[in-house]
Amino acid sequence: NAGVMQNPRHLVRRRGQEARLRCSPMKGHSHVYWYRQLPEEGLKFMVYLQKENIIDESGMPKERFSAEFPKEGPSILRIQQVVRGDSAAYFCASTGGFGLAYNEQFFGPGTRLTVL
Amino acid sequence: RKEVEQDPGPFNVPEGATVAFNCTYSNSASQSFFWYRQDCRKEPKLLMSVYSSGNEDGRFTAQLNRASQYISLLIRDSKLSDSATYLCVVNLNSGYALNFGKGTSLLVTP
Chain A
1 NAGVMQNPRH LVRRRGQEAR LRCSPMKGHS HVYWYRQLPE EGLKFMVYLQ
51 KENIIDESGM PKERFSAEFP KEGPSILRIQ QVVRGDSAAY FCASTGGFGL
101 AYNEQFFGPG TRLTVL
Chain B
1 RKEVEQDPGP FNVPEGATVA FNCTYSNSAS QSFFWYRQDC RKEPKLLMSV
51 YSSGNEDGRF TAQLNRASQY ISLLIRDSKL SDSATYLCVV NLNSGYALNF
101 GKGTSLLVTP
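In the order they appear, the protein sequences are chains A and B.
Residue 47 in this note's numbering sits at position 47 of the first sequence; the count goes up by one each step and never skips.
Residue 9 in this note's numbering sits at position 9 of the second sequence; the count goes up by one each step and never skips.
Note that these hints are calculated values from the structure, not bench results.
Nothing here was measured: the structure is a model prediction, and the numbers come from that model.
Cβ atoms here follow ideal geometry from the backbone N, Cα and C, with glycine treated the same way.
One or more of the hints may lead you astray.
[Claimed, not checked] With a straight-line cut-off of 30 Å between C-alpha atoms, the simulated DSBU-like cross-links for lysine-lysine are:
#1 A:Lys27 - B:Lys79
#2 B:Lys79 - B:Lys45
#3 B:Lys42 - A:Lys51
#4 B:Lys2 - B:Lys45
#5 B:Lys45 - A:Lys71
[Stated by the list, open to error] Computed list of chain A residues with no C-beta within reach of chain B, every gap over 12 Å:
#6 Pro8
#7 Lys44
#8 Ile55
#9 Pro70
#10 Arg84
#11 Arg112
[Claimed, not checked] Simulated restraints, written as ranges between beta carbons of each label pair:
#12 B:Leu74 - A:Glu104: 40 to 46 Å
#13 A:Leu38 - B:Gln31: 36 to 42 Å
#14 B:Ser26 - A:Val83: 25 to 31 Å
#15 B:Ser28 - A:Ser58: 39 to 45 Å
The whole structure should be built from the sequences, with the hints applied where relevant.
Below, the structure written as structure tokens:
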């Protein structure tokens, strides 16, 4: 399967715990985007990363959320001290390069985070 | 005002019907426009890009009116398998983030 991979698919955490969501982009892609979909809401952009660089994090909450895309390995979205309002589906997408006009964003299956 | 607005529906239509969805966007500098499809609890998948000249892909036709900041999707001869949520998506001038509407729900019935 050469598509975007995300794990875990489902994650349950208690309030105050940390959540780590992983995303492996499509083979050959080096640009990763994270989106959050709250219940009954549309997808909201969070952050755009390339290998070892954060390009645009304008959609990231100011506290508790961080993202990285190391030289080796998957992109990680980390949520510290989770609260119930963090319960959502988190989708990762990847493209092969700059310029949205010519680069479709391919989405992974998402991680559904539930905070108890 | 939301950046991308859609009628949430649901649209319940019989098989074979023609159905149209509309979408408006607020940022006149938006550059790229798309319709995505999202099946229940699954990832969004690109249905088609939308161009100013209008474009067609089989039973699906998309139109863009930049002056009115309005996008439409027409589905002809609806199939049961068309049942899904249709997401209007706009690329803002920043060039990176996709801006999604909340989606329009379609249910095609036998």
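Hint numbers not upheld by this structure, sorted from lowest to highest
Those not satisfied are hints 1, 7, 8, 11, 12, 13 and 15.
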